[in-house]
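Novice: One letter stands for each residue in the lines below.
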Amino acid sequence: MATTLEPRTTPPPADAAPELGLEADAERAESRRGLLIGLPSLAYLVVFFALPLVIVVVYSFATRSRTGRTILGDWNLDSYARLFDPLVLEIALRSLWLALLTTLISLAFGYPFAYYLATRSPKVRGILLVLVMIPFWSNFLVRTYAWRVILGRDGPFVRLLEPILGTDVQLLFTPFAVVLGLVYGYMPFMILPLYATIERLDFSLVEAARDLYASGWQAFLKVTWPLSRPGVIAGSLLVFIPSFGAYVTPEILGGGRTTMLGSYIVRQFLSARDWPFGSALSVAVLLVMLAAAVVYLRSGGRNL
Amino acid sequence: MSVVDAASGPPPDVAEDSVVRPKRTVERILAGNAWIVFAFLYLPILLLVVLSFNDNRTVGVWTEPSLRWYQAMFTDRNVLGALRNSLVVAFISTVVSTVLGTAAALSLERFRYRGQRAYDGLLYLPVIIPDVTMAVMMLLFFVQAFDLLGAVLGVNASFGIGTISLSHIAFNISFVAVVVRARLAGLDPSLEEAAADLYASRWQAFRRVTLPLIAPGVAGGALLALTLSLDEVVITSFVAGPGSTTLPVYVFGLVRRGVTPLINAVSVLMLTGSMLLVLTSLLITRRRDEP
Numbered sequence: 063m064a065t066t067l068e069p070r071t072t073p074p075p076a077d078a079a080p081e082l083g084l085e086a087d088a089e090r091a092e093s094r095r096g097l098l099i100g101l102p103s104l105a106y107l108v109v110f111f112a113l114p115l116v117i118v119v120v121y122s123f124a125t126r127s128r129t130g131r132t133i134l135g136d137w138n139l140d141s142y143a144r145l146f147d148p149l150v151l152e153i154a155l156r157s158l159w160l161a162l163l164t165t166l167i168s169l170a171f172g173y174p175f176a177y178y179l180a181t182r183s184p185k186v187r188g189i190l191l192v193l194v195m196i197p198f199w200s201n202f203l204v205r206t207y208a209w210r211v212i213l214g215r216d217g218p219f220v221r222l223l224e225p226i227l228g229t230d231v232q233l234l235f236t237p238f239a240v241v242l243g244l245v246y247g248y249m250p251f252m253i254l255p256l257y258a259t260i261e262r263l264d265f266s267l268v269e270a271a272r273d274l275y276a277s278g279w280q281a282f283l284k285v286t287w288p289l290s291r292p293g294v295i296a297g298s299l300l301v302f303i304p305s306f307g308a309y310v311t312p313e314i315l316g317g318g319r320t321t322m323l324g325s326y327i328v329r330q331f332l333s334a335r336d337w338p339f340g341s342a343l344s345v346a347v348l349l350v351m352l353a354a355a356v357v358y359l360r361s362g363g364r365n366l
Numbered sequence: 050m051s052v053v054d055a056a057s058g059p060p061p062d063v064a065e066d067s068v069v070r071p072k073r074t075v076e077r078i079l080a081g082n083a084w085i086v087f088a089f090l091y092l093p094i095l096l097l098v099v100l101s102f103n104d105n106r107t108v109g110v111w112t113e114p115s116l117r118w119y120q121a122m123f124t125d126r127n128v129l130g131a132l133r134n135s136l137v138v139a140f141i142s143t144v145v146s147t148v149l150g151t152a153a154a155l156s157l158e159r160f161r162y163r164g165q166r167a168y169d170g171l172l173y174l175p176v177i178i179p180d181v182t183m184a185v186m187m188l189l190f191f192v193q194a195f196d197l198l199g200a201v202l203g204v205n206a207s208f209g210i211g212t213i214s215l216s217h218i219a220f221n222i223s224f225v226a227v228v229v230r231a232r233l234a235g236l237d238p239s240l241e242e243a244a245a246d247l248y249a250s251r252w253q254a255f256r257r258v259t260l261p262l263i264a265p266g267v268a269g270g271a272l273l274a275l276t277l278s279l280d281e282v283v284i285t286s287f288v289a290g291p292g293s294t295t296l297p298v299y300v301f302g303l304v305r306r307g308v309t310p311l312i313n314a315v316s317v318l319m320l321t322g323s324m325l326l327v328l329t330s331l332l333i334t335r336r337r338d339e340p
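So the sequences go chain by chain: A and B. Using the numbering used here, the first residue of the first sequence is number 63, and each one after it goes up by one. Using the numbering used here, the first residue of the second sequence is number 50, and each one after it goes up by one.
Keep in mind the hints are simulated off the structure, nothing from the lab. The beta carbon of each residue, even a glycine, is placed where N, CA and C say it ideally should be. Take the hints with a grain of salt, since some may be wrong.
Listed next, with one range per pair, are the computed distances between beta-carbon atoms [what the hints assert, rightly or not]:
1) B:T112 / A:I133: 56 to 62 Å
2) A:L158 / B:V201: 41 to 47 Å
3) A:A334 / B:V75: 50 to 56 Å
What the simulated footprint calls covered on chain A by chain B, stretch by stretch (three residues with Cβ under 8 Å from a Cβ of chain B suffice, anywhere in the stretch; the number is not a length) [claimed, not checked]:
4) 105 to 113
5) 117 to 130
6) 177 to 191
7) 199 to 213
8) 344 to 355
So that you can see chain A by itself, here it is in the shape it has in the complex:
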């Protein structure tokens, strides 16, 4: 490489292994160059991401004045203590429950779907995969809004159900609507990693199981399912994490009675003006999310 041909201009630092000489020098120049190329983006992320993160943590220890201003100073843990208020716990539990439900439903429909996809011929597979990707990358807000139209007063479901049941039917602004919206929004996050795992699965192992007189069901339980676990874990986390912190979906489909953590955090900033408490909530959500991500990485699944 060009760099190795350049004459050495600076003597190697004392801590460098002397016998490596020129080569070590070139290596150092090379890693310096790598750092240099990455520096602008690193600087940007430090200033506009890491620093904001630190500020949120700092705010979570601050105090709120009576007028809603944040007093930086007089540091305390009050905001964290309030996380254990019955109201907050109720909202947290609801978020957890709805996110888990969303994850389970997505898995229940997503797994057979991904399996079906992965066992098609390559050509059909490509087309079906594109058909999954299109709604996935379409505007999330708009897709959620569509359910507001569908589940609303004038929507097809209410109109169909009311004459049959003979009573007022309320679909919108219920936990049901929120879970439906979340499944709709995040289902592709489940399908894609599952598909990636099942597609790479060595089906000769399933064949071997069948040769050894395993029933189809046994072969699935003992071979296919364990082998597709990385995809199941990845997909479940990718659905669980955004569902747990969801804001747009409960806001549009949930109404006031189905508040989730995301909406509750936003409320601390836009209406309640309790920034320290809102910051503490954000930190808590972030920690749950990081814990989930660690579980994901530990389970050995890095591939999406």
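Given the structure of chain A, go ahead and fit chain B onto it with the hints provided.
Specialist: Chain B only, in chain A's frame:
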């Protein structure tokens, strides 16, 4: 069922790997489930498109087809202003984050240096962080930054297109980097070494060999950044100032007040935009599979 199958022999279409292929009934259930999932994914979108052409003021009551709401949309100052803001922010954040994200990908994938793992972790965080948390982060950061700017330099900065763009760049760098890195990882480094052996300078090797090879990845990353920027609601609504609302934020405000035919039309506009972007990016990735 299995008796009949055994008697008639395996059907020709599954003959090759009949052991692996699930039994017929299972196969039918799988296919049925696939239909349900596809219907679930597409019917709501389709309904929205159909309803956007409905003349009636009440969304659920069909009268006759018309382009009335599209006309209303394109003469609505708020919608047009928000659309303009969206496009400006998307353009700025895409250009900047594509350059920075590509550089980050190159630096992490092609070089080795100390502190790289920390950098790697920092780069992945914006991808997995919940949008509400990031929204809070950006709001508090800018409030503090404005305080500081006012106190030290006497500059009066405020929320607007600038703060939105800066925030969008912050998460888009990571998404671009992830896409470009995937491309770089699949690249044969011997091609660059060959260029170096042939006395290409560092820059020449990058310009003539590496860049053309990773171009689909860079384009894919840029399109992803563009899509994400055009769709983003939560972070944007936290750092937008008066008059700098983007289209999704404006629509979000409308949606919370109720369902109107105008929202349907704007929704279809946004859907069309994002679908065009997906298709373009899928076409690009398709091409990269070919030799």
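Novice: Each hint: holds or not?
Specialist: Hints, one by one, checked against the model:
1. In this structure, B:T112 and A:I133 meet the distance hint of 56 to 62 Å, their C-beta atoms being roughly 58 Å apart.
2. A:L158 and B:V201 have their C-beta atoms about 44 Å apart, which keeps the hinted 41 to 47 Å range intact.
3. Taking 50 to 56 Å as the suggested C-beta distance range, the pair A:A334 and B:V75 conforms, at roughly 53 Å.
4. Beta-carbon proximity to chain B at under 8 Å applies to 7 residues in the segment 105 to 113 of chain A; the threshold of 3 is reached and the given coverage holds.
5. With 3 residues bearing a CB less than 8 Å from a CB of chain B, the segment 117 to 130 of chain A meets the requirement of three and the coverage assertion stands.
6. Chain B is given as covering the segment 177 to 191 of chain A, and this holds because 5 residues of the stretch bring a CB closer than 8 Å to a CB of that chain, at least three being needed.
7. Beta-carbon proximity to chain B at under 8 Å applies to 13 residues in the segment 199 to 213 of chain A; the threshold of 3 is reached and the given coverage holds.
8. For the segment 344 to 355 of chain A, the assignment as covered by chain B holds, since 5 residues bring a beta-carbon within under 8 Å of that chain's beta-carbons and 3 suffice.
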